[in-house]
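J.: Assemble chain B onto chain A, guided by the hints.
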Amino acid sequence: MKIKACALSSAALLAFTVQCAFSQDKPKPPPAWHQGKPAAMAESKLAPVPGKMTETPASEIPLDKLKLPKGFKAEVWASGLVGGRAMTMNEEQTRMWVGTRAMGRIYEVTIEGGKTSHKVLVDKLLQPTAVFANGALYVFAIDKVLRYDNAANGAAGQPVDMTAVFRLPPEQHHNWKYVRLGPDKKLYVPFGAPCNICEVSKEYAQIRRYNLDGSGMEVIATGVRNTVGFDFHPKTGELWFTDHGRDWMGDEGPEDELNRLSKPGQNFGFPYCHAKGVVDPDVAKGKKDACKGVTLPVTTMGPHAAVMGLQFYTGTMFPKEYQGLAFVARKGSWNRTNKFGYDVVTVKASPDGKGAKVTPFATGFMDPKDNSFWGRPAYLAQLKDGSLLVSDEQLGAIYRISYSAPAPAKKN
Amino acid sequence: MRLQVGGRWAVLTALFISASVHAQAPPSVARLKSCAECHGEDGNSLNAGTPSIAAQPRIFLENYLVLTREGLRGSDEMQRLLKGLPDRDIVAFARHFSSLKAVPAPGAVDRVLFERGRAIAARSRCGSCHLPDYSGREQMPRLAGQREEFLLEVMLQYRQNRRRGGDTMMSAALHGIPESEFPALAHFFSRLK
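Those sequence lines, one after another, are chains A and B.
Each residue of the first sequence is one higher than the one before, counting from 1381 in this note's numbering.
Each residue of the second sequence is one higher than the one before, counting from 2 in this note's numbering.
Bound conformation, chain A alone (with noise of 0.2 Å):
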């Protein structure tokens, strides 16, 4: 009966019938996105915030609206990045280049005196970002790698294709990367998981640095959901990155982290322990010790707040007390009733990731009497002169951030 229905149905489309001739098949389980959505939240309309895909002229940025600790002042210092996300930086910091998800870009920005002007570098990429290193910039799409020598002074001419050393897995959802350069010199580049919770194959939730030239792969974190920011700690030369929490299991949690890789290898818990030492409900069921060698966060940073960008303070600009912390950029919540994030934090901890306090520093984005919003603080870079950029990937705009003191100064 069945499969006579869906012929007919499919009498103009031929190539269908066959398909449909398995119709009866048994019925499968869930699709991994709901996988873990329990039968509570079935009826539960939380969805993903929508992005803002058309230009936003700076006269109509609400920059008013943010707070700052005494001292600080945010100004507009690029816009018109439509979709901007992540920034990197040549080394005199003459230019940036910013990358985008659906728009497909990457910026180059032209820095003078303060000022800055853009252009398109590159489009019709799948979700690309850009990475400054060794003169070079280079450009990660899911399914591309691309490098632009002699970059310094702006990206031109045919870019050399990496995507074959680099050997980039098929899936797209969670795969937006974040790339930055190591110390040693070496690419970093997460590998998201592609569900909200699912086993996953052996190249999926993981970080792994790669040379320069694409050769000599390595996997040094693995159990890692979904990272799209890190830095390394100015004084041990550690990893440290953000991770968000898995969704669908209620408002409080599994809140999101801040994790610090301490050696090569460690496992930070995806998809059985989440947070400090949440087991998973759906994948963990009848598992022991799921927690058990697993790297715990140096600190949680809110439930659903998706901890993006991540910067280490190494200025003087600001005042003393901020010297050495952590920024943290937290794009803000879906699967949450009420809104939560859309701010950027400081985390103060020790260089072992002991003693993490998590502070507010910009905030005003959202407005909890309404759940409303207007921006969405993504990444954070550090200028020469201490400021602090962030990037607003809702209004496409980059906010500068500077401190001077109250007068009289304070002796400090």
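Hints may be right or wrong, so weigh each one.
[Stated by the list, open to error] BS3-like cross-link-like pairs, simulated, lysine-lysine; straight-line CA separation at most 27 Å: (1) A:Lys1524 / A:Lys1499; (2) B:Lys194 / A:Lys1447; (3) A:Lys1504 / A:Lys1524; (4) A:Lys1643 / A:Lys1668; (5) B:Lys102 / A:Lys1432; (6) A:Lys1565 / A:Lys1582; (7) B:Lys194 / A:Lys1425; (8) B:Lys102 / A:Lys1425; (9) B:Lys84 / A:Lys1499; (10) A:Lys1566 / A:Lys1524; (11) A:Lys1524 / B:Lys84; (12) A:Lys1566 / A:Lys1615; (13) A:Lys1504 / B:Lys84.
Bear in mind the hints are in silico, worked out from the structure with no lab data behind them.
T.: The following block gives chain B in isolation, referenced to the frame of chain A:
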């Protein structure tokens, strides 16, 4: 599988180019008419593989138009039509078509297939994002009343990693739904009132 009807494109492109001369003017009637040629006067498509755009969420339409202009999504024809279209016009087009009323796709309802599709959609919780009446919201498109062949092709594009420029959430959402179930889903959504 080719979605667009090829015949009228030369005429439409000419219309579009003549409209482009007045790039600074508000979106012209001529431009909207060029959309209507394929997508229907009222935004409800009468061409099998061409999607209906009436009552699609405004943000979804904006995103679609931007991504197509950027060469990341849509047919070659749509990319050509939208090339260089300024954001301002995209915002105006999206507002216009989102305000129109959707009607179910034409054609008989196959009750068995329809009910099967309804069950798969419920089990797969398509309504969590696309809403229980599948009318869509924000960046998530209306499925109710959309053309059947179009829906089927889009699901296959997601499944085969051929759909570019979108959020990957939808690829993940289709994980675990066998391709053999796509025709029933497409039939169900298309015939919804």
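J.: Against this structure, judge whether each hint is valid.
T.: Tested hints:
1. A C-alpha spacing of about 21 Å is found between Lys1524 (chain A) and Lys1499 (chain A), which places the hinted pair at or below 27 Å, so the restraint holds.
2. Simply put, Lys194 (chain B) and Lys1447 (chain A) have alpha-carbon atoms about 47 Å apart, too far for the 27 Å limit, and the pair is violated.
3. The straight-line distance between the Cα atoms of Lys1504 (chain A) and Lys1524 (chain A) is roughly 12 Å, inside the 27 Å bound, and the hint therefore holds.
4. The hinted pair formed by Lys1643 (chain A) and Lys1668 (chain A) meets the criterion: a straight-line CA distance of about 25 Å does not exceed 27 Å.
5. For the given pair, Lys102 (chain B) sits about 24 Å from Lys1432 (chain A) by alpha-carbon distance, which is consistent with the 27 Å threshold.
6. The suggested pairing of Lys1565 (chain A) with Lys1582 (chain A) holds, with an alpha-carbon distance near 25 Å, which does not exceed 27 Å.
7. Pair hint Lys194 (chain B) plus Lys1425 (chain A) holds up; C-alpha atoms about 21 Å apart against a cutoff of 27 Å.
8. At most 27 Å may separate the alpha-carbon atoms for a hinted pair to count; Lys102 (chain B) and Lys1425 (chain A) meet this at roughly 23 Å.
9. With a C-alpha separation of about 17 Å, the suggested pair Lys84 (chain B) and Lys1499 (chain A) falls inside the 27 Å cut-off, and the hint holds.
10. Distance check on the hinted pair: Lys1566 (chain A) and Lys1524 (chain A) sit about 18 Å apart at the alpha-carbon level, within 27 Å; holds.
11. Note on Lys1524 (chain A) and Lys84 (chain B): the hinted pairing holds, with a Cα-Cα distance of about 24 Å set against a maximum of 27 Å.
12. For the hint linking Lys1566 (chain A) to Lys1615 (chain A), the alpha-carbon distance of about 18 Å falls within 27 Å, and the restraint holds.
13. Between Lys1504 (chain A) and Lys84 (chain B) the alpha-carbon distance is near 13 Å, which keeps this suggested pair within the 27 Å criterion.
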